[in-house]
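Peer 1: Given next are the chains, with one letter for each unit.
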Amino acid sequence: MKAPDRYYDFQKDISGCGIFGVIHKGRGMISGEIPIQGMTCMHDRGNGLGGGFAAYGIYPEHADQYAFHMMCDDDNAIEGSEKMLRTYFDMHHFEPIPTRKILAIPKPPKFNRYFVTVPEKPVNEFAELPEEDYIVAVVMKINATIPGAFVVSSGKNMGAFKGVGFPEEIADLFCLDEYEAYIWTGHNRFPTNTPGWWGGAHPFTLLNWSIVHNGEISSYGINRRYLCEHDYLCTMMTDTEVVAYELDMLIRKHGLSWEMAAKCFAPPFWDEIEKMDEKDKELYTTLRATYGPGMLNGPFAILVADNNRLMGLNDRIKLRPLIVAEKDEMVFMSSEESAIRDVCPELDRVWMPKAGEPVIVDLED
Amino acid sequence: MLFQPVNKNYHEFCIIRDKDLCINCKVCVRQCSYEAHYWDESRQKVMHDNTKCIGCHRCEALCPTAALNIVNKPSDFRTNSLWRPVFLQNIYKQADTGGVLLAGMGSPVDIPVYWDSMLLDASQVTNPSIDPLREPMELKTFLGAKPKRVKIVTGKDGKPELKTKLSPQIELDVPIMFAAMSFGAINFNLHRAMARAATETGTVYNTGEGGLHKSLYKYGKNTIVQVASGRFGVHLDYLKAGVGIEIKVGQGAKPGIGGHLPGEKINDQVSETRMIPIGSDAISPAPHHDIYSIEDLLQLIFALKEASEYKAPISVKIAAVHNVAAIASGIARAGADIVTIDGMRGGTGAAPAMIRDNVGIPIELALAQVDQRLRDEGIRNKVSIVAAGGIRCSADVVKAIALGADAVYIGTATLIAVGCTLCGRCYTGKCPWGIATNDPKLSKRQNPDIAAKKLANLIRAWGHEIEEMLGGMGLNSIESLRGNRDKLRGVGISDIELDILGIKHAGR
Ligand code: SF4
Ligand code: SF4
Chain A
137 MKAPDRYYDF
147 QKDISGCGIF
157 GVIHKGRGMI
167 SGEIPIQGMT
177 CMHDRGNGLG
187 GGFAAYGIYP
197 EHADQYAFHM
207 MCDDDNAIEG
217 SEKMLRTYFD
227 MHHFEPIPTR
237 KILAIPKPPK
247 FNRYFVTVPE
257 KPVNEFAELP
267 EEDYIVAVVM
277 KINATIPGAF
287 VVSSGKNMGA
297 FKGVGFPEEI
307 ADLFCLDEYE
317 AYIWTGHNRF
327 PTNTPGWWGG
337 AHPFTLLNWS
347 IVHNGEISSY
357 GINRRYLCEH
367 DYLCTMMTDT
377 EVVAYELDML
387 IRKHGLSWEM
397 AAKCFAPPFW
407 DEIEKMDEKD
417 KELYTTLRAT
427 YGPGMLNGPF
437 AILVADNNRL
447 MGLNDRIKLR
457 PLIVAEKDEM
467 VFMSSEESAI
477 RDVCPELDRV
487 WMPKAGEPVI
497 VDLED
Chain B
118 MLFQPVNKNY
128 HEFCIIRDKD
138 LCINCKVCVR
148 QCSYEAHYWD
158 ESRQKVMHDN
168 TKCIGCHRCE
178 ALCPTAALNI
188 VNKPSDFRTN
198 SLWRPVFLQN
208 IYKQADTGGV
218 LLAGMGSPVD
228 IPVYWDSMLL
238 DASQVTNPSI
248 DPLREPMELK
258 TFLGAKPKRV
268 KIVTGKDGKP
278 ELKTKLSPQI
288 ELDVPIMFAA
298 MSFGAINFNL
308 HRAMARAATE
318 TGTVYNTGEG
328 GLHKSLYKYG
338 KNTIVQVASG
348 RFGVHLDYLK
358 AGVGIEIKVG
368 QGAKPGIGGH
378 LPGEKINDQV
388 SETRMIPIGS
398 DAISPAPHHD
408 IYSIEDLLQL
418 IFALKEASEY
428 KAPISVKIAA
438 VHNVAAIASG
448 IARAGADIVT
458 IDGMRGGTGA
468 APAMIRDNVG
478 IPIELALAQV
488 DQRLRDEGIR
498 NKVSIVAAGG
508 IRCSADVVKA
518 IALGADAVYI
528 GTATLIAVGC
538 TLCGRCYTGK
548 CPWGIATNDP
558 KLSKRQNPDI
568 AAKKLANLIR
578 AWGHEIEEML
588 GGMGLNSIES
598 LRGNRDKLRG
608 VGISDIELDI
618 LGIKHAGR
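So the sequences go chain by chain: A and B. Just so we're aligned, residue 137 is where the first sequence starts under the numbering used here, counting upward by one. Just so we're aligned, residue 118 is where the second sequence starts under the numbering used here, counting upward by one.
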């Protein structure tokens with residue numbers, strides 16, 4: 137699409153962070169206590185300006201419906217977003233997201249969740265879109281047109297809980313200790329230049345994707361322009377948005393595997409490509425030449441999850457920490473080993489993934 | 118003092134000879150191709166005529182006792198901000214000759230140099246800078262059309278299998294290429310030097326419009342062959358000789374006009390390579406006579422692709438003019454794989470001074486607009502962008518790439534590397550540095566071995582500096598800089614200029 141006027145005039149998020157993820161390969165339910173404890177252990181990796189969690193498998197009774205987690209500043213925003221959701225979707229159930237009153241966060245925004253499906257024959261401007269694009273279009277429309285309303289997540293059988301505060305405070309606010317999920321990711325944020333904004337905290341989500349990210353993407357300036365060419369508009373002032381949109385483009389739209397998408401994010405060096413056999417050489421040369429503008433350059437460690445897997449990935453020279461550990465059917469990924477040891481002292485295997493090598497853990501279905 | 122007509126008196130330079138140091142060795146007499154120094158028989162000493170000096174500094178450099186200094190003539194015209202001296206001098210000249218004012222080299226006029234108004238970023242704390250001496254730093258660049266997406270399926274062995282075929286690309290180890298300067302405009306020694314330096318440093322040189330000397334075919338892997346309106350030296354083997362073919366539509370120094378290589382420069386070798394008779398003028402018409410519109414360009418692009426069996430990407434080179442973005446978009450849609458944009462400060466062997474100094478726009482603005490337009494239209498992947506015209510140092514290269522260029526051409530800088538002093542008289546054929554001349558006595562002044570070494574050194578030095586700047590920004594690969602305008606900030610320029618460049622002001 138044509139870049140909007142003054143698209144170059146943006147403020148970028150600069151931050152350091154702590155991340156934690158855990159997956160049970162056999163879909164065993166993991167209590168929220170575990171990621172909360174892991175994040176609490178890495179308290180010092182944040183500064184209280186952002187924390188959050190994503191959980192998969194938390195809405196088994198609505199597993200086929202899109203779970204919209206809405207954050208609203210006031211009643212008008214609630215009314216507006218509810219109306220829009222009803223216009224575009226069939227609504228099956230809705231309720232406030234349970235929260236506790238806690239001292240650390242005296243005045244949180246209001247949170248509701250809606251379980252919706254796309255009507256069989258929608259009559260609106262997005263009617264022609266395939267289902268997933270339809271969801272994305274409505275999410276963008278709510279975020280862009282309803283003041284004070286923000287879609288925190290919109291995937292199936294999953295949800296994100298996030299806000300301004302330390303992760304343990306956010307967990308307390310949302311009663312996350314009462315949830316069970318087979319994949320959890322958590323994030324603790326240390327922004328240095330952006331004021332805390334509830335929507336800007338991680339995890340960042342799009343459809344079923346959720347992403348937590350530690351790092352600063354130095355290639356952000358070109359990544360966002362590249363995405364704009366592919367009709368994704370970056371509006372959130374966060375690097376993580378770039379990761380989400382690129383995943384969506386590479387995996388969902390261009391049909392690449394997670395491994396290949398990871399190789400676009402953190403491609404092998406040319407001198408490594410030089411040493412490959414002819415087939416791989418051609419593959420990676422084509423991949424780099426084509427997706428070069430999408431490469432994530434700069435320090436990062438990211439965890440990406442969807443309903444079926446968890447992936448951890450570092451930048452090409454591992455400028456951010458990421459450690460992986462296994463215990464029985466559980467796999468942990470974290471910025472620090474201490475956080476893993478804290479929740480699970482006895483581990484079967486612990487390793488540092490190599491720079492640029494994705495660690496992908498699939499559910500055993 | 119003898120009476121002299123006014124145009125004689127207002128020459129540009131004075132030769133200062135230190136009488137105590139001068140040993141009358143006559144080196145300056147031999148070195149000055151403009152005959153400004155001479156042996157005075159009656160006085161038995163070397164004398165000089167200031168009016169003949171064009172300020173090339175050759176004599177000064179070669180004088181064994183350092184007795185010579187070339188300085189601007191201190192005598193000034195009366196201060197007048199409208200009638201600046203150059204206008205007076207030009208009028209005197211034209212009143213004498215009745216001719217078009219000729220000029221060589223890039224325009225010296227005082228239009229804004231936006232390179233100087235853009236500053237680069239560096240990492241601090243939240244993202245570490247990367248040390249190119251310790252970590253890999255990648256400058257590898259591929260020029261040519263890229264697919265919009267890559268199709269990969271999982272093969273029977275579970276391994277990824279590529280289904281998308283990349284069209285031919287020019288592979289560069291450094292995103293800096295030697296610009297088109299034809300054999301004839303510059304001499305064979307330098308063509309050979311460029312070919313060798315490009316081969317040594319993993320980049321390419323452009324033949325320019327004068328064909329390719331038969332002894333240089335072996336450097337084909339590092340050659341882009343040019344096809345210009347005169348079609349000099351164009352034949353099937355030539356088209357297949359290089360890794361790319363460039364259609365020259367325009368040149369930044371002289372948009373809208375053709376070229377003229379005077380017959381004096383056409384010696385036997387030039388004649389053979391260009392396929393024209395010795396001593397005949399080589400005239401390139403202003404337009405290609407088979408391109409009167411974009412659909413004609415399309416046909417030429419595909420004619421060349423056919424001729425080269427779709428093995429070489431086709432570049433179309435245009436001058437940066439007012440509507441350059443729309444033109445570049447048309448070129449991309451016409452099937453070109455590379456668009457080369459040559460800004461108005463680009464060099465030339467000869468151009469009418471009025472055109473050189475008044476037609477076109479600066480490369481920075483043109484580049485920014487072309488890159489943005491191609492992205493807005495979703496066709497940026499269809500072409501690579503090469504920027505040319507007034508790139509003076511590696512920081513300019515970095516800024517050009519951050520604005521959106523895939524690579525740059527350097528022409529003037531190439532010549533400076535082998536000794537050019539920008540005297541601006543390349544059209545006379547008397548280049549005292551042995552560059553823009555085919556006079557055997559003069560061109561001998563360029564030793565191809567030394568010249569090749571200097572050129573390779575320049576590319577290497579700039580390459581190192583680019584790596585340094587890239588690492589400082591926390592990037593380890595050039596593709597993450599390309600089009601990354603967040604790494605640029607403007608200083609001292611207006612909102613509208615910032616908007617055209619697509620960058621924020623420093624401090625924001
Ligand atoms: S033209 Fe060049 S060589 Fe001749 S006197 Fe002037 S500076 Fe010296
Ligand atoms: S190439 Fe020669 S004639 Fe042309 S500007 Fe340089 S030194 Fe002068």
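Careful: at least some of the hints might be erroneous.
[To be verified] Beyond 10 Å from chain A on every Cβ pair, some chain B residues (computed):
#1 L219
#2 P245
#3 P253
#4 K257
#5 F259
#6 L356
#7 G380
#8 E389
#9 D413
#10 F419
#11 A424
#12 N498
#13 R602
[Claimed, not checked] 20 Å max Cα-Cα, derived PhoX-like pairs, lysine-lysine:
#14 B:K428 to B:K338
#15 B:K280 to A:K417
#16 A:K417 to B:K335
#17 B:K428 to A:K138
#18 A:K411 to A:K490
[Stated by the list, open to error] Derived CB-CB ranges, DEER-like:
#19 B:K357 to A:M412: 56 to 62 Å
#20 B:I400 to A:E408: 28 to 34 Å
#21 A:A139 to B:N167: 42 to 48 Å
#22 B:N564 to A:K490: 27 to 33 Å
#23 A:E410 to B:D407: 39 to 45 Å
#24 A:K490 to B:V230: 57 to 63 Å
#25 A:S167 to B:K268: 53 to 59 Å
These are computed hints drawn from the structure, not numbers from a lab. From a predicted model like this one, the values you see are computed outputs, not experimental measurements. C-beta atoms are modelled at their ideal positions from N, C-alpha and C, and glycine is treated no differently.
Peer 1: Give me the numbers of the hints this structure contradicts, sorted from smallest to largest.
Peer 2: 2, 3, 4, 5, 12, 13, 16, 17, 19, 20, 21, 22, 24, 25
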